[in-house]
Amino acid sequence: DVKVTQSSRYLVKRTGEKVFLECVQDMDHENMFWYRQDPGLGLRLIYFSYDVKMKEKGDIPEGYSVSREKKERFSLILESASTNQTSMYLCASSLSAGSLEQYFGPGTRLTVT
Amino acid sequence: GENVEQHPSTLSVQEGDSAVIKCTYSDSASNYFPWYKQELGKRPQLIIDIRSNVGEKKDQRIAVTLNKTAKHFSLHITETQPEDSAVYFCAATPLGSNTGKLIFGQGTTLQVKP
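Protein chains in written order, with our numbering: chain A, 259 to 371; chain B, 27 to 140.
The set of hints was computed from the structure by calculation and includes no laboratory data. It cannot be assumed that every hint is accurate.
The calculated lysine to any residue pairs, modelled on SDA-like cross-linking and capped at a C-alpha distance of 20 Å, are [what the hints assert, rightly or not]:
no.: 1; chain 1: B; residue 1: Lys63; chain 2: A; residue 2: Glu280
no.: 2; chain 1: B; residue 1: Lys68; chain 2: A; residue 2: Glu280
no.: 3; chain 1: B; residue 1: Lys83; chain 2: B; residue 2: Gln71
no.: 4; chain 1: A; residue 1: Lys261; chain 2: B; residue 2: Glu65
Distance ranges between label pairs, derived from CB positions [said to hold, decoys possible]:
no.: 5; chain 1: A; residue 1: Glu275; chain 2: B; residue 2: Val80; range: 45 to 51 Å
no.: 6; chain 1: A; residue 1: Gly298; chain 2: B; residue 2: Gly81; range: 29 to 35 Å
no.: 7; chain 1: A; residue 1: Arg267; chain 2: B; residue 2: His33; range: 28 to 34 Å
no.: 8; chain 1: B; residue 1: Glu109; chain 2: A; residue 2: Arg272; range: 25 to 31 Å
no.: 9; chain 1: B; residue 1: Gly81; chain 2: A; residue 2: Ser357; range: 32 to 38 Å
no.: 10; chain 1: B; residue 1: Val46; chain 2: A; residue 2: Met346; range: 40 to 46 Å
no.: 11; chain 1: B; residue 1: Asn93; chain 2: A; residue 2: Ser338; range: 44 to 50 Å
no.: 12; chain 1: B; residue 1: Ala55; chain 2: A; residue 2: Glu314; range: 35 to 41 Å
no.: 13; chain 1: B; residue 1: His33; chain 2: A; residue 2: Ile318; range: 21 to 27 Å
Think of the CB as a built atom: it goes at the ideal place given N, C-alpha and C, for glycine as much as any other residue.
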């Protein structure tokens with residue numbers, strides 16, 4: 259059974275703080291993704307990674323960066339949090355380019371005040 | 027750029043009725059079309075998917091149809107039950123993707139009234 263975990267379910271940060279969101283998967287998946295979910299906007303891709311140390315921008319990368327130093331772990335970094343980054347953040351992973359089912363983590367509800 | 031449009035944004039049906047959610051995609055090279063269900067407070071989970079070489083796929087009360095010419099695909103739920111109430115997302119693979127990337131639709135909130 260695939261397990262994707264995220265470091266926090268709820269997080270409250272102040273404007274300007276540096277924020278780290280961590281995601282870990284335990285099934286040796288090659289691909290990992292970070293999405294933000296806002297009502298009426300669906301799941302919007304922030305960044306994804308298809309291999310260790312490899313990353314690509316998604317549709318809304320501005321204000322975010324990522325790090326993938328180990329295959330099982332994919333971190334999302336908000337360099338200087340802003341109130342418009344208040345959202346639900348979902349991490350996902352998939353086995354490979356040939357196996358496209360994405361497995362999601364439970365999400366982190368981030369509030370920036 | 028690649029785009030997936032999903033309609034309707036909200037759908038309310040009586041228990042036992044059918045529900046249909048439709049998605050259109052922009053990239054004719056897309057070849058994989060999954061549907062995810064997200065119950066309130068939970069993570070999205072895959073419920074059914076279809077590849078471009080198949081026109082229809084069924085799994086008990088849910089089915090997905092694909093029209094490649096028109097570039098749209100639909101989710102059909104028959105004999106709806108209250109536990110079908112959730113947000114449903116469609117998705118498609120973008121052009122030239124060999125990285126597992128998916129483009130998601132905006133989501134449909136389905137309410138099944140008992």
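Tested hints:
| no. | hint | in the structure |
| --- | --- | --- |
| 1 | Lys63/B to Glu280/A | violated (24 Å) |
| 2 | Lys68/B to Glu280/A | holds (18 Å) |
| 3 | Lys83/B to Gln71/B | holds (18 Å) |
| 4 | Lys261/A to Glu65/B | holds (18 Å) |
| 5 | Glu275/A to Val80/B: 45 to 51 Å | holds (48 Å) |
| 6 | Gly298/A to Gly81/B: 29 to 35 Å | holds (31 Å) |
| 7 | Arg267/A to His33/B: 28 to 34 Å | holds (32 Å) |
| 8 | Glu109/B to Arg272/A: 25 to 31 Å | violated (40 Å) |
| 9 | Gly81/B to Ser357/A: 32 to 38 Å | violated (22 Å) |
| 10 | Val46/B to Met346/A: 40 to 46 Å | violated (27 Å) |
| 11 | Asn93/B to Ser338/A: 44 to 50 Å | holds (46 Å) |
| 12 | Ala55/B to Glu314/A: 35 to 41 Å | violated (18 Å) |
| 13 | His33/B to Ile318/A: 21 to 27 Å | holds (22 Å) |
In summary, the structure is inconsistent with hints 1, 8, 9, 10 and 12 from the numbered list given earlier, while agreeing with the others.
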